[in-house]
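Chemist: One-letter residues, chain by chain:
There are 2 protein chains.
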Amino acid sequence: MQVDAGDGVLFRSASASERQTFSELNSNQSNPSAGRRSGAGPGRLVDPLEDPLPGKSKDRDRHREIANKSRQSTVALLHSVSDAFSGWLLMLLVGLMSGALAGGIDIAAHWLTDMKEGLCLVGFWFNHEHCCWTSNETTFQERDRCPQWQSWAEIMTGTSEGALAYFVNYLMFLVWALLFALLAVTLVRAFAPYACGSGIPEIKTILSGFIIRGYLGKWTLIIKTITLVLAVSSGLSLGKEGPLVHVACCCANILCHLFTKYRKNEAKRREVLSAAAAVGVSVAFGAPIGGVLFSLEEVSYYFPLKTLWRSFFAALVAAFTLRSINPFGNSRLVLFYVEFHAPWHLVELGPFILLGIFGGLWGALFIRANIAWCRIRKSTRLGHYPVTEVLVVTALTGMLAYPNSYTRMGGAELISELFNDCSLLDSSQLCGYKQVGGASNSTSGAGVGNGLADRPAGVGLYAALWQLALALVFKMMITVITFGMKVPSGLFIPSMAVGAIAGRLLGVGMEQLAYYNHDSAIFRGWCSPGADCITPGLYAMVGAAACLGGVTRMTVSLVVIMFELTGGLEYIVPLMAATMTSKWVADAFGREGIYEAHIRLNGYPFLEPKEEFQHSSLTADVMRPRRSDPPLAVLTQEGMTVEEVEALVESTHYSGFPVVVSQDSHRLVGFVLRRDLLISIDNARKRQEGVVGASQVVFTEHSPAPADDAPPPLRLRGIVDLSPFTVTDHTPMDITVDIFRKLGLRQCLVTHNGKLLGIITKKDILKHMANDCQQRPRLHPLQL
Amino acid sequence: MQVDAGDGVLFRSASASERQTFSELNSNQSNPSAGRRSGAGPGRLVDPLEDPLPGKSKDRDRHREIANKSRQSTVALLHSVSDAFSGWLLMLLVGLMSGALAGGIDIAAHWLTDMKEGLCLVGFWFNHEHCCWTSNETTFQERDRCPQWQSWAEIMTGTSEGALAYFVNYLMFLVWALLFALLAVTLVRAFAPYACGSGIPEIKTILSGFIIRGYLGKWTLIIKTITLVLAVSSGLSLGKEGPLVHVACCCANILCHLFTKYRKNEAKRREVLSAAAAVGVSVAFGAPIGGVLFSLEEVSYYFPLKTLWRSFFAALVAAFTLRSINPFGNSRLVLFYVEFHAPWHLVELGPFILLGIFGGLWGALFIRANIAWCRIRKSTRLGHYPVTEVLVVTALTGMLAYPNSYTRMGGAELISELFNDCSLLDSSQLCGYKQVGGASNSTSGAGVGNGLADRPAGVGLYAALWQLALALVFKMMITVITFGMKVPSGLFIPSMAVGAIAGRLLGVGMEQLAYYNHDSAIFRGWCSPGADCITPGLYAMVGAAACLGGVTRMTVSLVVIMFELTGGLEYIVPLMAATMTSKWVADAFGREGIYEAHIRLNGYPFLEPKEEFQHSSLTADVMRPRRSDPPLAVLTQEGMTVEEVEALVESTHYSGFPVVVSQDSHRLVGFVLRRDLLISIDNARKRQEGVVGASQVVFTEHSPAPADDAPPPLRLRGIVDLSPFTVTDHTPMDITVDIFRKLGLRQCLVTHNGKLLGIITKKDILKHMANDCQQRPRLHPLQL
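These protein sequences, in sequence, are chains A and B. Under full-length UniProt numbering, think of the first position of the first sequence as 1, with each following residue one higher. Under full-length UniProt numbering, think of the first position of the second sequence as 1, with each following residue one higher.
The shape of chain A in the complex, shown without the other chains:
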């Protein structure tokens, strides 16, 4: 459901009540002077769309007040300390709540996913693994098989063998998947339209200063948590990692309401949201440092050092909360725990870079295809049937995925298996090597000798490779049409799965190449027979990083997340080589990552902080009014009557007006908000005696004595912002854009030789940049 909010900017529409605030917001936004920062003057109203800078200034006033008071009494001192602590307390609460929710989501998703396959007879609330823990009849080798856990075929037909049983299981798998998907999409549509998608594009937009009301509200949180579990369990090609960032931000936003300091100050709340983004990744991967860098690199707009410390603290708390909940049952902090034994060799950088190129190509292709598909959804009738779409995609995914064991299992499980280094006792098909000397060893446990050394691939492994190749093609296709549907959907896991499959394939290939060519020039010296020289699991990991890097264009945070998974500095170089290559290759096909692409698709007012503005226009070319427009509506500091002011305000829809010395000189005095003006005039008419339509409105400090018969003037200096930001008309646009970004402005007045000439808003800049996009010379991607 799309609403064109004027100006050709599309916003995803919300439920009736939300739509109103949204359109209200839009009208605000489309005014050239909306959201003027609120200063410190008396009688000033708080603007909800205020900028970081004045938000900070307000906070400072509050500090000063508290600090002054704290000298007066001990109670006030305690208040001062508690105020100081409240930031840390809030971080603690965000960490605890996000960690707990993430743990709950993990447990529930695990349970529901297993429910698609069968039921625990001891208690339906046990998942497959827990069910068999209670059993005494399992062996270590077949710890997944126990009589308590029965597949649907066993429950219904009494047997787990044969075509009928397979068919029943297949059918039940599909039925459950469709049920979960239906429930998810219905809940999203009915209660919280904002709960769909990954949420990261919107959070980036919110952190850049835009407000989407209800996007981080309690309903979004509740519905997103529930539907995330359902969507993940339905077997769709999506992950829970991106949405966890949204969940953590919702937690933070809701918890902000507990503290006056954060409830009232948008700028401080955005700092908390930046930290919450770090918390989200921290619980998603068990990587607190990586989470902080993710927030810094990918999500945040304004990231002061204070936020760095606090995000780190919150990310740690969340990671430890999650660990104490222990959803994976292995008391590991990280999602994929990997331990590699063999070092890598310099020659291997070649295949690692190849994986980087693959990742970059896949990233660029995925973004193009996904955006094209989303455009089709927007512009055709497809967009009108989101429920049908979700059900069809779920059915398709289920039908194609079930026959292949690598697509049937969950994405995280698949990646975990692909990252895994084959150990002696491994029963996985991927470790189906021939023991040197003889028979295939696909279900294993046998060899003790040189089990870890390099081995020729056996039948089991070849079968696995074919399945993996099919899984790769399937995942690549289905992810394109899945991301962007009206269910919560993350991209991390599907992207990583694609990369991990490709990496594992290449890794096994390299391994076999090395096995059969020990004596060739390349392998001689570091790959002697009987030694384990190539680790296919490492290739899978590098491939996963490369593909995720290609899609999101993260680099450092991605490498750090992967580093936290292995804990070995040794593997940083392969990861770095692959992610950098991936970023360069992908950037060559388009500078936008998937999140920026979705931001642009949805038309959010987001000023990309990374991209450099390349055009050589001047501010005069971008500002309004344009040459053909009517002149700028201004107030003079004296000489206008209340009636004239009211007429001016009513004839325009701007939310603020510059105040000048006189219509002739046009020398800028300040800036006054529409709302303040209306409220002040209204109050004055009600309370102040003698203020009538013919009263003069005076913005100066000392007004001339009024004529004897004139009504008393209305003094409004208090509501004028006397320090509006200005640039000259000759300022190059790249400097103006930089000022907007760094100071977080929403608009800026333009002067020429001290005379007010016009106004330039963030929206003007965005439009100008969009127009400019086609014409400007493309920068080489390596430049960044």
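A hint or two may mislead.
Each pair may be met inside one copy or between any two copies, as identical chains are not told apart.
[Claimed, not checked] Restricting the straight-line Cα-Cα distance to at most 27 Å, the calculated cross-link-like pairs of lysine-lysine (DSSO-like) are:
id	residue 1	residue 2
1	K434	K742
2	K264	K306
3	K306	K767
4	K306	K763
5	K742	K763
6	K264	K434
Hints listed in this document are in silico derivations from the structure and should not be mistaken for laboratory results. All values derive from a computational prediction rather than experimental measurement.
Based on the hints, put chain B in the right spot on chain A.
Modeler: What follows is chain B alone, placed relative to chain A:
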């Protein structure tokens, strides 16, 4: 040697040739309008003190040009690609060079340190360890003793036993130490005065936009590298980690000259320097991620994402270069490799926080004491005898340090030993536990049974504890007078040593407490007999982090560096708790870290980006001219003659002048640099026919036709910066300070109602903040 450069600001003076550029710089700096950013106008000169913003703009012009050209020919395309690659190539070179230098410094320092004790008979160029590698007569237990390595006593007196031998060794130790110290301080004084100290305060200042010519030059690099080795070997209580940051920055600065892109653009060069700071820490500790965060948290002023990626890349390259040089001979990447086996228990957070408090107190105390000592050095005659000072302190250090084995060994070695967890085969005195059941086990190898379990302390351990306590007192005292002497000196290792000693003492104490009170309420449940429940090495590590945190006020980067040393996420929580406590405690006694304190001590123009400006003054209170001052010197856009302009320029020392419409209206047109003005007039007089003293100077675009008899006007619009930054006189100072910080301004014009009122410079702000410091209400330290 101090030179008062006017305004009461003290700068360390340089050698004759450097002094000139320095004073030139100072005069530049003390002008209210020095260093005006250079715009894109024709005929504009490049200002060496330009701001990041216009530096960026210049870079963009260059990009555009290259991108446009690249369409024309393949050669130009190649040029474009190589231009794009040059940034990465530069990073690669910085990493390689810094890694190689760090490796060289490590090897040389190791060798010279061992030379104080004895000589390798096989070849004097072997250090103790290498010497014994060549020997076949060493056992694993006594791998440090071999006949090839002889102490000075053995060489001179033929015996290593007895009082005489001890005395000879003691004497030789002192003689070598004094020799090294003398050489170091002489070299520093003779060739590169900037090579002394840690360099981090100066690099912070340079990164904030100030230029200290020669500070990062090749002489500084050469001399600092050599004297760093000498200073470390002399046994003084200093580390090489801080100076390595300086060395890496020198490398970066020198390598910048290879690339036009970086040679000509100060702003881009500063980005490279930020990355180099990361490289420095990366090679110092083998912690690339920690290095990047150190640069971000502690050193850098402007840290865009591009710098993040590049620093990470450079830090990795450097770490791997260092590893392939393998100076520690153990192919470990990290300086202190630690592996702990036992987890920590929640109860232990108590002692960890205690260590944090100790670290904070020590940090605050150290900063006060060190700054007081440095002031004494500056203000008394002590400062005139730097060589004597260094020699006296070296002698004192040597005499007191030699008898105690823990102070005799190098700082890094000491820390390494303190961090170490006692293993079965450990021969260290610190592991002198009694085997349960019997005899002291100080030289060991015996027990196999529960050797790792908890044990009562033996005689060896008690002796070690006393020595450690003495070492703690000694280190605390001597470090205060050592840091700030005229030799290269880092603070990281001495601070960490103090903390590690304190931590180990507490750790052993806790361990014994647990051993003798297994059944008390505190230890019951997690500390059963026979289990290794407390790791004294972890306490040492936490203590080291706390003390370093107290001195430098780092938090996240410190924790990450420590995390990289252990690779275990488990120990992040104790480290975090200790560093946070330490920061809070230290902040309660003074907000400045040691580097900020030294910046203030030396009077560098540095606008602290972390601290919030707390005063409620307006820009009008801070700007110049003050009420009592003569009016601002301005140019009018027309009507002034060449003679009048020259008179104005000569009568003032400002390096730039605002251009206004007329003296009456004072409406601001732009800003023109003194230098541009002088050069243009000079050129015009030489070349342009008819320009004489009476010619009109015209800054407008279209000048009125001159009278028939008047000489032709001199048109100078090209040199006017038409987009000067302005604020109004009513802008609160906190917002102005924020604008200065975020846009990296050096000055800003102040207007009132469109009329030019005055000018405000970075220096005005710094002065105002300094005056303000005493009066303003103190903020609670937890606030940050």
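Chemist: So, for every hint listed, does it hold in this structure?
Modeler: Going down the list of hints, with the structure as the test:
no.: 1; hint: K434 to K742; in the structure: neither (61 Å within a copy, 63 Å between copies)
no.: 2; hint: K264 to K306; in the structure: within (19 Å within a copy, 34 Å between copies)
no.: 3; hint: K306 to K767; in the structure: between (33 Å within a copy, 25 Å between copies)
no.: 4; hint: K306 to K763; in the structure: between (30 Å within a copy, 26 Å between copies)
no.: 5; hint: K742 to K763; in the structure: both (16 Å within a copy, 22 Å between copies)
no.: 6; hint: K264 to K434; in the structure: neither (67 Å within a copy, 62 Å between copies)
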